[in-house]
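Asker: Given next are the chains, with one letter for each unit.
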Amino acid sequence: MWRDHLTEIIVFSLLFLLVSVMGFVAARWRAPKEMAHLDEWGLGGRSFGGWITWFLIGGDLYTAYTFVAVPALMFGAGAAGFFAVPYTIVIYPLVFLVLVRLWSVSHRHGFVTPADFVRKRFDSPVLALLIAITGIVATMPYIALQLIGIEAVLKTMGVTGDNALARHLPIIIAFAILAAYTYQSGLRAPALIAFVKDSLIYIVILVAVIYLPYKLGGWGDIFAAADAKFDASPNPNDGILLNGNNQLQYVTLALGSALALFLYPHSITGVLASRNRDVIKRNMSALPAYSLLLGLIALLGYMAIAAGVKPLPGNSAGSVDNNTVVPLLFDQQFPDWFAGVAYAAIGIGALVPAAIMSIAAANLFTRNIYKEYLKRDASAAQEANVSKITSLVVKVGAVACIVFLDPQFSIDLQLIGGVIILQTLPAVALGLYTRWFHRTGLIVGWVAGMGLGMWMLYQVASPTRKHFGGSAFPLSEFGFDTTRTIYVGIVAVAVNLAVAALVTLALRAAKVEEGVDGTEPDDYFADEGDPRITPGPDRDADSAREPVA
Amino acid sequence: MAAPEPEAPPTAPTRAKDHSPWNWLLFIPIVVPLIPAFFNGDSPRVFGFPRFYWLQLAFILLGVGTTTLVYQMTKKRGGS
Chain A
1 MWRDHLTEII
11 VFSLLFLLVS
21 VMGFVAARWR
31 APKEMAHLDE
41 WGLGGRSFGG
51 WITWFLIGGD
61 LYTAYTFVAV
71 PALMFGAGAA
81 GFFAVPYTIV
91 IYPLVFLVLV
101 RLWSVSHRHG
111 FVTPADFVRK
121 RFDSPVLALL
131 IAITGIVATM
141 PYIALQLIGI
151 EAVLKTMGVT
161 GDNALARHLP
171 IIIAFAILAA
181 YTYQSGLRAP
191 ALIAFVKDSL
201 IYIVILVAVI
211 YLPYKLGGWG
221 DIFAAADAKF
231 DASPNPNDGI
241 LLNGNNQLQY
251 VTLALGSALA
261 LFLYPHSITG
271 VLASRNRDVI
281 KRNMSALPAY
291 SLLLGLIALL
301 GYMAIAAGVK
311 PLPGNSAGSV
321 DNNTVVPLLF
331 DQQFPDWFAG
341 VAYAAIGIGA
351 LVPAAIMSIA
361 AANLFTRNIY
371 KEYLKRDASA
381 AQEANVSKIT
391 SLVVKVGAVA
401 CIVFLDPQFS
411 IDLQLIGGVI
421 ILQTLPAVAL
431 GLYTRWFHRT
441 GLIVGWVAGM
451 GLGMWMLYQV
461 ASPTRKHFGG
471 SAFPLSEFGF
481 DTTRTIYVGI
491 VAVAVNLAVA
501 ALVTLALRAA
511 KVEEGVDGTE
521 PDDYFADEGD
531 PRITPGPDRD
541 ADSAREPVA
Chain B
1 MAAPEPEAPP
11 TAPTRAKDHS
21 PWNWLLFIPI
31 VVPLIPAFFN
41 GDSPRVFGFP
51 RFYWLQLAFI
61 LLGVGTTTLV
71 YQMTKKRGGS
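Note that the protein sequences, when read in sequence, are chains A and B. All residue numbers for the first sequence refer to full-length UniProt numbering, where the first residue is 1 and numbers rise by one. All residue numbers for the second sequence refer to full-length UniProt numbering, where the first residue is 1 and numbers rise by one.
It should be emphasised that the hints constitute simulated quantities derived from the structure, not laboratory data. Relax, there's no trap hidden among the hints.
Here are the simulated EDC-like pairs of lysine to aspartate or glutamate, each with C-alpha atoms no more than 20 Å apart in a straight line:
1) A:K120 to A:D517
2) B:K75 to A:D530
3) A:K388 to A:D377
4) A:K155 to A:D336
5) A:K120 to A:E372
6) A:K229 to A:D321
7) B:K75 to A:E528
8) A:K120 to A:E513
9) A:K466 to A:E477
10) A:K388 to A:E34
11) B:K75 to A:D522
12) A:K229 to B:D42
13) A:K466 to A:D406
14) B:K75 to A:D527
15) A:K120 to A:D522
16) A:K215 to A:D227
17) B:K75 to A:D278
18) A:K310 to A:D336
All chains should be built: construct the whole structure from the sequences, respecting the hints.
Answerer: Right, here's the structure in full:
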């Protein structure tokens, strides 16, 4: 059966090989004098200019899973899946306002992770540990999900096996290569590969959104086909427009996902790797190009409806795997070689974020667990080494999740991941503006938000499952007389904030020790060439800079 | 480049820039895309796209325009 897809497989393999070579060569790209430092391995020397940052963050935030799952959601549920567009509009002004401050304070103090910042700001190793663990736990399933993106492509190409090991062998090989070059080149590898990944994706999608509507009878016909499908389905909440029940869910999900996305360790890693504040700010105007792309990709779900694509069967009998609709659409509508390019774009699209996420998780472990609790006097070289090894462990864990557990488990965990990473908002994002919250208040708020979020997710049923059926929580569960639903994460973080504020007031009344703020107000505005950088990282400031893009 | 050595850290002007009132404009692209009343409808259609789709895609331009404007109005002057 894979023989029918030989051209696709050859094109896919060649492009995959190309980026693997690039991944290893990346170690020499903009090479530093000393690679054995976390600033170099984990943050690319904090030196990326405009273009590299654009590709890196774009490649980081818009993952293969996004490209596969968003159209799958549109295919299955309609308008509700389009939340990805407002979500990726809202995030950039937020980063513009908030994460530039994190960049500045990290630049001056040499922070590598958000937990580093919290440690210094609130003088609380416990709070920093909670932030680090939250980040690691939220990131792991996200890495595993990238594999699901690759798997959807492999499935469509007929690369399947009779047993679990044979079926997963291509993914294991792909991740072994990825692990090897990430180990060697650090953040430089995904930064370099992102150029290829994003160029491929832009070409594929531009061709698709121009050619497919022409072939399928125009946009009017595509929307009409989608409308007809949702009219015929028994589900009352699908359709090409939102209804009264899911509007609140739509906007809270968009806002909550945006807040969650910029708290994810891998986004912060991408931002901290840029050279100065201007690079970040300019990128916030340029990155929405990807949102446009994502909006068009989402509409591929409707094109699949219009083209009459039938998704491949899922892992359990009788189920269908909607994640295969986009690969199938390409297989059906395009010549084999072009479908191969599209598959490679998705496959490589999985590698870039997976690499950055594993680096971000490894940095958290190294800085906030290893250095904090296991080896206080770790040298810069030891830190880099621990991080490299941890990145390997993280990837092995992600592969194991997919091979040994039901992939659904990773999807559930990722759903949970978005909700739990939001619980770091008070300490990390608000912490950048104010130290009003008491450190113990933040800890108690975190516990409350986590507990409530988990309970709410557990309560959400879907047509096929009793628990963890999604993130749309019916307000009737709280005793409201309504059929409206709301995004779990927003409620959980609101409770988190309220609890943190109340506990803060109580502790302040009781005059409980608050610790010392290790940062100063003007740390939050420091920029490249700052004269007061805390010593430590031996950045070779006098070496010639790459030309600014 | 080739900026004269700043003897005193230029904290005061930097601070003033970060507190620029222009930053408030950034709340427009945060709030507007989250109001379904604007976009949750079918007509008018543009190139066959229902309003729900083309207007939300147009909000991307709103975001780009606002961040660009704020960046231009708040960036450091004098090429430093």
